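Participant: Next come the chains, spelled out residue by residue.
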Amino acid sequence: MILSIIYTWALMILFCVGFSIGYYSYRSIKRKFDEEYGKKGLLFKRVIHGIVYILLLSLVHEAVVVRLGENPLSKEVEALILLFLFFIGAPIFIDITLSLYKLAKKH
Amino acid sequence: MTPLATFTIIFTIVILLLVAEIEHRAIVAMLAAVLSVYFGISYGLFTYEDIVEMINLDTVLFIVGILILFETLSESGFFDFIGLYLLQKLGSHYTLSIITLIVLVTLFSGFSSNITVMLIFGAITFKFAESLGFNAKETILVEGLQTNVGGILIPISSIPALIIATKTRMGFSDFIKISLPFIVLLTLVTVIISWVLYYRRDSKLNPENKEVIRKLIDPWSAVEKPSALYRSFLIFSGFLITVSLSSGTDLPPSFIAFFFVVLSFMLSGVDPDKVFRRTDWSIPFFVGGFFIFVGGLERSGVLDKIAEKLVDLLYLNPCISAPLLLLICATVSAFIDNIPVVLILYPIVNDLVKILGIDPLPFYWALIVGSNLGGNLTTFGSPSVLIGIRLLERRKMEVSMGEYVKKCYPIALAQILVSMVILALMTNVGYL
Chain G
1 MILSIIYTWA LMILFCVGFS IGYYSYRSIK RKFDEEYGKK GLLFKRVIHG IVYILLLSLV
61 HEAVVVRLGE NPLSKEVEAL ILLFLFFIGA PIFIDITLSL YKLAKKH
Chain F
1001 MTPLATFTII FTIVILLLVA EIEHRAIVAM LAAVLSVYFG ISYGLFTYED IVEMINLDTV
1061 LFIVGILILF ETLSESGFFD FIGLYLLQKL GSHYTLSIIT LIVLVTLFSG FSSNITVMLI
1121 FGAITFKFAE SLGFNAKETI LVEGLQTNVG GILIPISSIP ALIIATKTRM GFSDFIKISL
1181 PFIVLLTLVT VIISWVLYYR RDSKLNPENK EVIRKLIDPW SAVEKPSALY RSFLIFSGFL
1241 ITVSLSSGTD LPPSFIAFFF VVLSFMLSGV DPDKVFRRTD WSIPFFVGGF FIFVGGLERS
1301 GVLDKIAEKL VDLLYLNPCI SAPLLLLICA TVSAFIDNIP VVLILYPIVN DLVKILGIDP
1361 LPFYWALIVG SNLGGNLTTF GSPSVLIGIR LLERRKMEVS MGEYVKKCYP IALAQILVSM
1421 VILALMTNVG YL
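Residue numbers (this note's numbering), protein chains in the order written: chain G, 1 to 107; chain F, 1001 to 1432.
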């Protein structure tokens, strides 16, 4: 029972940490994007930059997985990494979609 | 993920970053190198010891040596002096002066970095245009195009030429034997087209202005220390002669370059600090990083996949396939820096010609010429064209992409077309 509560608590903490890291990473990326690609003419560049970040996130996942190999904790660590990457990647993906929408609307 | 998939992702990231020019090219190359090393070692594709071999240290050091020698010669005021001296002598002949400017830019960009030549000749052209009363815009743009033609002149004229010449151990004389027809014909094409399009209408200038230029230009004003100019020129000439004769010896090119770097610092009288400050250090990092990245692509099988697409092209008659490769290389170089284009295409072409048992020389030349001329197709494809446009913008002469296409495409496209014809003819008659 206690173990189960600790497990749930740890999971919640990790989820919150993941969310916080993801949120603040995205905020800093968005600030950088807004500074560099504020003008509408640079939307295309913003999309490419976003895609590059998404691809880099997939490499981060692979970089961890390739080093983990087969051990008892590998599945848990991979799930944790995926959680963190999702919180960073999802807002970037939304940013790309919005930029593409604005681009399509412009033309 | 398989190594092939991972390295394809790295390749995509690099291409996207280079096309969109999001990060500095040296940073992109170093990112590619770091990722390639991490994944390459993790997948067991290579070891740390292999990385030293992959970097191709001799080529990178040769590039560093040449960059320093170029800067030493430039710092001595040699290029400014020769340019101003000839213009002073030819100032009263408008036609001859314009042709001299174009030829000098081509020649000097063979012996110095394109950016340095563009900056020096940009200033000279503005001075010349103000004195004679003609519009400098077209001349600056034509000079920008010609700096890339000059990149074919000798093996050290441009990084793509240097990489291929070093890797294939192409001798100096063997290189010039092939490059000269290209240089002569391409410059001739540029002179004729630019004359017909721009200069014919200005050929009857105010005769009063023609004498002004003689009095206005003093070549020695560009030289801080005449002794430094003489010594730097002698040392650079010594370097060129030694490199051209070194193919029969076991001395590596990087050793010769550094021997003359030391000699020039000790004897030329040029301030080494100034030379070090002006040297473009991003180039060796860029090339070194890219060597590791290309090594990773090679070992992960990504290059084999690209080669599969190219193999059908190389199956054709070399008289057709070599010019087509030139066209492909030029088109890609218009959007991506020409160094990665050559670094990626060279191992592919090299492996394919070995497998197919065909003469590799026409294809090496397709890469050298295509990668150099391709930059002329866009305003951002070549640093020297970009510098030329910036110089014009500073003087309130904006150049839009549309205007660039209108003014430069007749020359740039003619240059690529003529190069394809020259390459096809050379291959056909067995000159290559």
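Hint data in this document are derived by calculation from the structure and do not stem from the laboratory.
Model, not experiment: these values are computed from the prediction.
There may be inaccurate statements among the hints.
[Claimed, not checked] A few chain G residues facing chain F, derived, Cβ under 10 Å:
#1 I5
#2 T8
#3 W9
#4 L11
#5 L56
#6 L59
#7 E62
#8 K105
[Unchecked claim] Here chain F is said to cover these stretches of chain G; the calculated rule only asks that three of the stretch's residues, wherever they fall, bring their Cβ under 8 Å from a Cβ of chain F:
#9 44-55
#10 91-100
Cβ atoms here follow ideal geometry from the backbone N, Cα and C, with glycine treated the same way.
Participant: For each hint, tell me whether it holds in the structure or not.
Facilitator: Each hint tested on the structure:
Among the interface hints, the one on I5(G) is violated; its C-beta lies about 37 Å from the nearest C-beta in chain F, farther than the 10 Å criterion. The beta carbon of T8(G) is not positioned within 10 Å of any beta carbon in chain F (closest approach about 32 Å), and the interface hint is therefore violated. Nearest Cβ of chain F to the Cβ of W9(G): about 33 Å, over the 10 Å cut. The hint is violated. Annotation: L11(G) was flagged as interfacial toward chain F, and the flag is violated, the nearest CB pair being 27 Å apart, outside 10 Å.
A cut of 10 Å between beta carbons decides the hint on L56(G): the least distance to chain F is about 7 Å, and the hint holds. The interface hint given for L59(G) is met, as the beta carbon of that residue sits about 6 Å from the closest beta carbon of chain F, less than 10 Å. About 5 Å separates the beta-carbon of E62(G) from the nearest beta-carbon of chain F, less than 10 Å, and the hint is met. The restraint placing K105(G) at the interface with chain F is violated, with a minimum CB-CB distance near 21 Å, outside the 10 Å limit.
For the segment 44-55 of chain G, the stated coverage by chain F holds: 7 residues have a C-beta nearer than 8 Å to a C-beta of that chain, and at least 3 were required. As drawn, the segment 91-100 of chain G meets chain F at 0 residues by the rule of a beta-carbon pair under 8 Å; below three, the given contact is violated.
In terms of the numbered hints stated before, the structure departs from hints 1, 2, 3, 4, 8 and 10, listed from lowest to highest.
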